[in-house]
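There are 2 protein chains.
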Amino acid sequence: MARKHATDSPLLLGNQLCFAIYSTAHAFNRVYKPLLDKLGLTYPQYLVMLVLWERDGEPVKSIGERLFLDSGTLTPLLKRLEAAGLINRTRSTEDERQVLIALTPQGQALREKARAVPQAILAASACSVTELSAIKNELVALRDRLNAAVGE
Amino acid sequence: MARKHATDSPLLLGNQLCFAIYSTAHAFNRVYKPLLDKLGLTYPQYLVMLVLWERDGEPVKSIGERLFLDSGTLTPLLKRLEAAGLINRTRSTEDERQVLIALTPQGQALREKARAVPQAILAASACSVTELSAIKNELVALRDRLNAAVGE
DNA sequence: TACAATTGAATTGCACACAATATGAATAAT
DNA sequence: ATTATTCATATTGTGTGCAATTCAATTGTA
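Heads up: the protein sequence lines correspond to chains A and B, in order.
0 is the number of the first residue of the first sequence in numbering that gives the first Met the number 0; add one for each residue after it.
0 is the number of the first residue of the second sequence in numbering that gives the first Met the number 0; add one for each residue after it.
Don't take each hint at face value.
Quick look at which bits of chain B chain A covers, simulated, 3 or more residues with Cβ under 8 Å [unchecked claim]:
| # | stretch |
| --- | --- |
| 1 | 13–20 |
| 2 | 28–42 |
| 3 | 105–112 |
| 4 | 131–145 |
Under 10 Å between C-beta atoms, here's a sample of chain A residues computed to sit facing chain B [said to hold, decoys possible]:
| # | residue |
| --- | --- |
| 5 | C17 |
| 6 | I20 |
| 7 | K32 |
| 8 | W52 |
| 9 | R65 |
| 10 | L76 |
| 11 | I134 |
| 12 | D143 |
| 13 | N146 |
Okay, the calculated beta carbon distance ranges per label pair [to be verified]:
| # | chain 1 | residue 1 | chain 2 | residue 2 | range |
| --- | --- | --- | --- | --- | --- |
| 14 | B | A133 | A | A122 | 20 to 28 Å |
| 15 | B | D69 | A | S70 | 26 to 34 Å |
| 16 | B | T92 | A | G150 | 49 to 57 Å |
| 17 | B | N136 | A | L121 | 16 to 24 Å |
| 18 | A | S70 | B | S70 | 44 to 52 Å |
| 19 | B | A101 | A | L11 | 14 to 22 Å |
| 20 | A | V128 | B | T92 | 50 to 58 Å |
| 21 | A | P33 | B | A115 | 37 to 45 Å |
| 22 | A | R96 | B | G150 | 25 to 33 Å |
Source of the hints: derived by calculation from the structure; they are not laboratory data.
The beta carbon of each residue, even a glycine, is placed where N, CA and C say it ideally should be.
Whole structure, please, built from the sequences with the hints as guidance.
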């Protein structure tokens with residue numbers, strides 16, 4: 000018998016998919032950092048900008064739904080983006096509970112500089128678009144099952 | 000022409016593997032939370048315990064290397080584990096720069112309660128061990144390439 | 001042996017992330 | 001119309017993460 004404790008196997012760090020995801024997320028962050036520093040953004044801020052570049056003028060709620068983040072995270076983050084002059088936060092006139100997030104001209108303009116980012120990431124991953132896309136699809140499917148499990 | 004801006008495709012949130020990883024990591028965290036609450040641990044604290052259950056008495060540095068975390072993150076985290084009575088922090092006599100982390104009896108005992116965690120996660124993922132293992136291996140390979148890219 | 005360079009932790013400062021709570025606005029129920 | 005409930009955002013508190021700095025201990029080198 001080579002193994003002493005077969006029941007420990009699930010508790011081994013190297014066997015845990017979850018740690019693989021956790022550590023890969025950090026690795027991505029380290030690759031993104033120098034690229035995003037040039038744009039003056041953190042990674043979560045970059046995600047918010049991606050959402051706004053796709054659809055401008057969204058309320059905080061729908062940005063949070065797309066990114067799976069709540070107001071406790073987004074409110075201070077959005078205030079920093081506003082302080083940086085990239086967005087405006089204005090309370091909706093139709094529904095005063097909502098705060099609408101709109102890009103400023105600088106926020107719009109930043110999109111051009113951001114185009115260089117994905118290719119740099121692709122290069123760092125040393126992987127084909129096809130392969131990355133395959134992993135992405137598997138993860139999205141897994142993520143949705145996990146979120147479904149949490150929501151009972 | 001169906002697509003107006005083919006060059007925008009890499010900037011679309013849904014196309015980014017990185018966001019898939021980021022959001023899956025959060026989804027895992029949400030699944031882990033109620034399970035780890037019973038153990039009185041956060042997810043990063045759980046990772047440290049996994050390391051210690053594999054090898055006890057390690058210095059902070061080597062724990063950090065295994066988890067890709069630095070002292071700025073680990074020092075306060077380890078102090079909280081010490082305050083919880085799960086570990087002891089003692090400065091090494093051979094090399095006084097090092098702080099050795101050792102499990103207390105309570106820390107050892109917690110391992111038994113932790114055995115229930117991986118199966119619960121597996122159930123939430125609604126996925127076979129084989130599939131999860133395959134994704135894990137792809138991610139570890141990707142992570143290592145990313146870390147290599149950062150280290151020049 | 002001196003003494004510069006390196007190393008391992010700790011500290012500080014900033015930015016998430018989320019639970020819990022609060023607040024004001026909108027909607028539903030009576 | 002009044003009240004209760006729900007909804008969207010903000011606030012507070014705790015716990016990561018990481019860059020930058022500090023400090024003491026160790027190692028390398030002349």
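Checked hints:
no., hint, in the structure
1, 13–20, "holds (count 7)"
2, 28–42, "holds (count 4)"
3, 105–112, "violated (count 1)"
4, 131–145, "holds (count 11)"
5, C17, "holds, 5 Å"
6, I20, "holds, 5 Å"
7, K32, "holds, 9 Å"
8, W52, "holds, 6 Å"
9, R65, "holds, 7 Å"
10, L76, "violated, 14 Å"
11, I134, "holds, 5 Å"
12, D143, "holds, 8 Å"
13, N146, "holds, 5 Å"
14, B:A133 / A:A122: 20 to 28 Å, "holds, 25 Å"
15, B:D69 / A:S70: 26 to 34 Å, "holds, 30 Å"
16, B:T92 / A:G150: 49 to 57 Å, "holds, 52 Å"
17, B:N136 / A:L121: 16 to 24 Å, "holds, 21 Å"
18, A:S70 / B:S70: 44 to 52 Å, "violated, 32 Å"
19, B:A101 / A:L11: 14 to 22 Å, "holds, 20 Å"
20, A:V128 / B:T92: 50 to 58 Å, "holds, 54 Å"
21, A:P33 / B:A115: 37 to 45 Å, "holds, 41 Å"
22, A:R96 / B:G150: 25 to 33 Å, "violated, 48 Å"
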